[in-house]
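Use these hints to put chains R, Y and U onto chain S, whose structure you have.
Protein chains in written order, with numbering that gives the first Met the number 0: chain S, 0 to 296; chain R, 0 to 296; chain Y, 0 to 296; chain U, 0 to 296.
FYI, nobody ran anything at the bench for these hints, they're computed from the structure. A virtual CB, placed ideally from N, CA and C, is assigned to each residue, including glycine. Incorrect hints may have been included.
Using 30 angstroms as the maximum straight-line C-alpha spacing, the simulated DSSO-like pairs for lysine-lysine come out as follows [to be verified]:
1. S:Lys52 <-> Y:Lys73
2. Y:Lys226 <-> U:Lys157
3. Y:Lys149 <-> Y:Lys104
4. Y:Lys157 <-> Y:Lys41
5. U:Lys41 <-> U:Lys157
6. S:Lys250 <-> R:Lys226
7. U:Lys223 <-> U:Lys156
8. R:Lys149 <-> R:Lys104
9. R:Lys104 <-> U:Lys73
10. R:Lys250 <-> U:Lys223
11. S:Lys250 <-> Y:Lys276
12. Y:Lys104 <-> U:Lys290
13. R:Lys226 <-> R:Lys293
14. S:Lys73 <-> S:Lys52
15. Y:Lys104 <-> S:Lys250
16. R:Lys284 <-> Y:Lys293
17. U:Lys290 <-> S:Lys223
18. R:Lys156 <-> S:Lys200
19. U:Lys250 <-> R:Lys284
20. R:Lys226 <-> S:Lys157
21. S:Lys290 <-> Y:Lys250
22. R:Lys157 <-> R:Lys41
23. U:Lys73 <-> R:Lys73
24. Y:Lys250 <-> S:Lys104
25. S:Lys250 <-> R:Lys290
One-sided excerpt, in silico: chain S residues whose CB lies under 10 angstroms from chain R [what the hints assert, rightly or not]:
26. Ser122
27. Lys157
28. Ile169
29. Ile172
30. Met173
31. Leu177
32. Thr185
33. Leu189
34. Ser210
35. Leu256
36. Leu257
37. Gly262
38. Met265
39. Lys290
Number of protein chains: 4
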Amino acid sequence: MEEIIGFIGTGTMGKPMALNLIKAGYQLNVYDVNPMPLEELKIKGATICLSSKEVASKSNVIITMLPNSEDVEKAILGENGVAEGANKDCVVIDMSTIDPISSRKISNNLSKRNIKMLDAPVSGGSWGAASGTLAIMVGGEEDVFERCLKIFQGMGKKIFYCGPNGNGEIVKIMNNLLAGINILATGEALSLGVKAGVNIKVLYDVINASSGQNFAMQNYCANKAFKGDYEPGFMASLMYKDMGLAMALAKNEGVPLLIGGLGHQMYSNIVAAGFGKKDMSIFLKILEELKNIKIRF
Amino acid sequence: MEEIIGFIGTGTMGKPMALNLIKAGYQLNVYDVNPMPLEELKIKGATICLSSKEVASKSNVIITMLPNSEDVEKAILGENGVAEGANKDCVVIDMSTIDPISSRKISNNLSKRNIKMLDAPVSGGSWGAASGTLAIMVGGEEDVFERCLKIFQGMGKKIFYCGPNGNGEIVKIMNNLLAGINILATGEALSLGVKAGVNIKVLYDVINASSGQNFAMQNYCANKAFKGDYEPGFMASLMYKDMGLAMALAKNEGVPLLIGGLGHQMYSNIVAAGFGKKDMSIFLKILEELKNIKIRF
Amino acid sequence: MEEIIGFIGTGTMGKPMALNLIKAGYQLNVYDVNPMPLEELKIKGATICLSSKEVASKSNVIITMLPNSEDVEKAILGENGVAEGANKDCVVIDMSTIDPISSRKISNNLSKRNIKMLDAPVSGGSWGAASGTLAIMVGGEEDVFERCLKIFQGMGKKIFYCGPNGNGEIVKIMNNLLAGINILATGEALSLGVKAGVNIKVLYDVINASSGQNFAMQNYCANKAFKGDYEPGFMASLMYKDMGLAMALAKNEGVPLLIGGLGHQMYSNIVAAGFGKKDMSIFLKILEELKNIKIRF
Amino acid sequence: MEEIIGFIGTGTMGKPMALNLIKAGYQLNVYDVNPMPLEELKIKGATICLSSKEVASKSNVIITMLPNSEDVEKAILGENGVAEGANKDCVVIDMSTIDPISSRKISNNLSKRNIKMLDAPVSGGSWGAASGTLAIMVGGEEDVFERCLKIFQGMGKKIFYCGPNGNGEIVKIMNNLLAGINILATGEALSLGVKAGVNIKVLYDVINASSGQNFAMQNYCANKAFKGDYEPGFMASLMYKDMGLAMALAKNEGVPLLIGGLGHQMYSNIVAAGFGKKDMSIFLKILEELKNIKIRF
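Bound conformation, chain S alone:
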């Protein structure tokens, strides 16, 4: 059976993901509160719907790609939402990055209505969405994951099955928590090394070949920040949001995150200082200006 796909939320990330599914040969029903991207998708062959309910009623697999928990809950469980229009044997895939606790609440609710759900947040940014190279972390029942694997492969490159509902969100958030801290720790270590008189190229080359090596330094710093480029990449405000999700999960689970809690507040500071839309590596530029140094290749 070829799946008919519904796509709700066709913004910066959702639109290119939907386009890739069309390119992969899928028939798409699309909806967004903003009609603009829908027209573009229509030209490529998608059918525009007037509500999440209508999308659900016409599709086997319904994907949501929305900014936050409230939006997802409303689109799936709210009035004129997915649950109201859902067909027998359909699957709901929420690809938004949201609170795993909320995600599990929604999947529990759908489960009572005999609707299967996967949480499948992505990483790779708008560039990954456009090029179909996203990483996708999936939570839910394994056979449901298997059923949807081909669809995921239409949007991404690295597809990870992470276990029961909510686990996709958790894994993504834990990864981002680590990446976010790594940027901060990298910024601190490099700014001190440079201030103390070491060439940044030397610092980077040695650390990158040693026990301090980390992906965030390689990719967000060496490839961009060290060249004076602080355009995202991964926006500081998004990292602030994701670390906030990590802190909320920590509260829910009673797990102390001392480094995490401080890091979250440091991103709060970065955002409050007006740098939310810059790449998270903007922290290095803040340190540059504070100490009148250059952390540049």
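Just chains R, Y and U, lined up with the frame of chain S:
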């Protein structure tokens, strides 16, 4: 000219390093406050001396490998020390991990006596020392570094020239600062992920292929802590010492290290709790017991 | 007009508060999911109701004293809740310590139904509730506050008007945030002073007469912890909850709390270690055991 | 026996302290590397000396009031220093705020020469020095303290005997550590309360009457910062220095200071941002500008 090498400080690290130099064909003059390892070195062909001064008087290149700044200062500048016995055109190489500020003071002092010095701290632990695969980060004049390169190659695999005196220490300490934070951040993220219901293997595999990837997680956790092995590796007390050097440097340079300062105190906590002689990844075990979870493959 | 008072939530705090209102001469209608304390209140003259709705229908002023936001929202806005039974010109007073954001949502909702609300969280603990000496921080319209002042005086000693709805909660939470940090900072400073060889009595007397003086040290430490008494007082788990409310508010307002964020996680650690039901000064005992010292008079 | 007093270090603090001793009827021998204040003291009756040694040779009690450990060590133990000129039965009183570890080293050294020493750092700032109302925290032998009590009373109001050598320094530093954290925590709580819509006067009045009350808020904020006055008071750079002494002591004693470590780095940030010469309450102004709020009466 083949260098005659003096080696002062033949402990856990120094002895195997000295043995490798003998194996590489160098003639060695050795001294330590503890006579035991000296006997073993003598059997392999080294000449035992009775003071640092005597070592210096018989050698062209004098290596020190000692626990802390005070020891190094005493061995080099103190009574019956290296400076008193040093020959014309000799080079002093301090391979201890010490305060870069102290290191620079010592090299300045030697410079006034027309003695060249390199700071050349190592990483790789006692295993790296024994196998001759240490990483060596070298500060000092470049031609002096070139002169000693072959000697370094007798003890290590990755030899990095880092710039003027003190820079070897700084680069090493900045690297360790990062590694130390990465262990803490990794422990927090993984303990939360596991507590929230994700399999550690899944967490690790995804993060290791994503933006949270870092060497410390791969090597100290995946290879050891995840298997319940918390033997060093890199002792928590040494990380506490190295992060203390980073904090002292930060104070000297006026560079704020918020994450670093917290991390340093967290290692203080780990050491105070009696875990100083365990691998720094013991932090994961502390979190395991706190939340009654298993962060194990 | 003498007010007829409804009281919903007659637990550890609510029951003695209700008893004080009866003592002050008020007629009370009471409800709780747990029938036990209701019987005791009935003996003292209160009328037992079977739902929050019934309480509301029989009263002019309805007080809620419940554990968390969800409970308050359910009791006031839920099925068979206060809003369904509320009379014209009644006032709802929520005396629970909850999220100010939730509190404002509830008051906005009631406002649309022409029902006035005050948020009026208390401090002083169960002892203050029993003795009628609570501090009460009130948010809402000033004339509504004036109307209810006599009722507040029946339960507390220090009554503070804090401005519009939600402000009572905010002021209480900000106060507790500070008190919570002061305990942690006091514990750190005193444990170090004692470890370094100073008598605790000397440390306390000097600091208490100097710029480090703070209420938390005087009352939670000098009066209790220094005597080896770690019974609440103010439970560590409640401080963890209140600091969590502060962190949630900080997220909502985009205000960075670096010290607050770390302090919150330190209480998370204390609770995870099994000390949640002890007084928040239990932190001193943890430090005593860590460093094998006595912080005792 | 009336003591003849030597005074070494007649700067911002030392000069008014010396003047108060002259006013109290003492005969003074004075020395400073800077001759300017000496002339003024001469007019008031002091005898100018040309070295610390000369001061010592002419006095029974020698007071040092210098910027840091190195200066104190040099003045007391260095060439032409106090120890070289000291008479039998003299007492050295170091009133500088320095590292207690260094202070104890100096007193141990003097002890071997049969010279008694007290450490007696002060608080109260230049205003307290001028008005003779300093608080003085004294470490050393109790009979030596008794012998010098009248001298202390010539300079200060609250004189605290804190136990053996070094304890005066420790108590002062622990007090300042607490005061420094209290300013940071107060700033965070107040900025959040104000941003969330509470009047600062209300916030202050309630907290000041509740469990969050602290001296630092009352004196540095309410009396100054809330009025837009960020002139010292107590300079941020001095708090950075004192918290640095606390962190060094913590390292020496192996006591973890998580809040302290973060606070120290936050002051490092404040100093790096150029606010070192402002009162430590400048932190509130930084938060005002970050969130575009006013924390003002």
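We went through each hint and held it up to the structure:
1. S:Lys52 <-> Y:Lys73: holds (29 angstroms)
2. Y:Lys226 <-> U:Lys157: Measuring from Cα to Cα gives roughly 26 angstroms; hence the hint holds.
3. Y:Lys149 <-> Y:Lys104: Given that 30 angstroms is the threshold and the Cα spacing comes to 26 angstroms, the pair holds.
4. Y:Lys157 <-> Y:Lys41: Roughly 28 angstroms separates the two Cα atoms, so the pair holds.
5. U:Lys41 <-> U:Lys157: OK: U:Lys41 and U:Lys157 at ~28 angstroms, within 30 angstroms.
6. S:Lys250 <-> R:Lys226: It holds: about 28 angstroms lies between the C-alpha atoms, which stays within 30 angstroms.
7. U:Lys223 <-> U:Lys156: holds (23 angstroms)
8. R:Lys149 <-> R:Lys104: holds (26 angstroms)
9. R:Lys104 <-> U:Lys73: The given pair, whose Cα atoms are some 18 angstroms apart, holds under the 30 angstroms limit.
10. R:Lys250 <-> U:Lys223: Distance of about 29 angstroms is within 30 angstroms: holds.
11. S:Lys250 <-> Y:Lys276: Status holds; Cα separation ~17 angstroms.
12. Y:Lys104 <-> U:Lys290: holds (24 angstroms)
13. R:Lys226 <-> R:Lys293: The given pair, whose Cα atoms are some 10 angstroms apart, holds under the 30 angstroms limit.
14. S:Lys73 <-> S:Lys52: Holds. S:Lys73 to S:Lys52 sits at ~11 angstroms (cutoff 30 angstroms).
15. Y:Lys104 <-> S:Lys250: holds (22 angstroms)
16. R:Lys284 <-> Y:Lys293: With a Cα-Cα distance of about 28 angstroms, the restraint between R:Lys284 and Y:Lys293 holds, given a limit of 30 angstroms.
17. U:Lys290 <-> S:Lys223: Holds, at about 29 angstroms.
18. R:Lys156 <-> S:Lys200: holds (20 angstroms)
19. U:Lys250 <-> R:Lys284: With Cα atoms ~24 angstroms apart, U:Lys250 and R:Lys284 stay inside 30 angstroms; holds.
20. R:Lys226 <-> S:Lys157: holds (26 angstroms)
21. S:Lys290 <-> Y:Lys250: holds (29 angstroms)
22. R:Lys157 <-> R:Lys41: At roughly 28 angstroms apart (the allowed maximum being 30 angstroms), R:Lys41 and R:Lys157 satisfy the hint.
23. U:Lys73 <-> R:Lys73: holds (20 angstroms)
24. Y:Lys250 <-> S:Lys104: holds (22 angstroms)
25. S:Lys250 <-> R:Lys290: Answer holds: S:Lys250 to R:Lys290 is near 13 angstroms, not above 30 angstroms.
26. Ser122: holds (6 angstroms)
27. Lys157: holds (6 angstroms)
28. Ile169: OK, holds: S:Ile169 within 10 angstroms of chain R, min 5 angstroms.
29. Ile172: holds (8 angstroms)
30. Met173: holds (4 angstroms)
31. Leu177: Holds - the Cβ of S:Leu177 comes within 10 angstroms of chain R, reaching about 3 angstroms at its closest.
32. Thr185: Holds: closest Cβ of chain R sits about 6 angstroms from S:Thr185, inside 10 angstroms.
33. Leu189: holds (7 angstroms)
34. Ser210: holds (4 angstroms)
35. Leu256: Because about 5 angstroms separates S:Leu256 from the closest Cβ in chain R, which is inside the 10 angstroms limit, the hint holds.
36. Leu257: holds (6 angstroms)
37. Gly262: holds (7 angstroms)
38. Met265: With a closest approach of 6 angstroms, the S:Met265 hint holds.
39. Lys290: Holds, about 6 angstroms.
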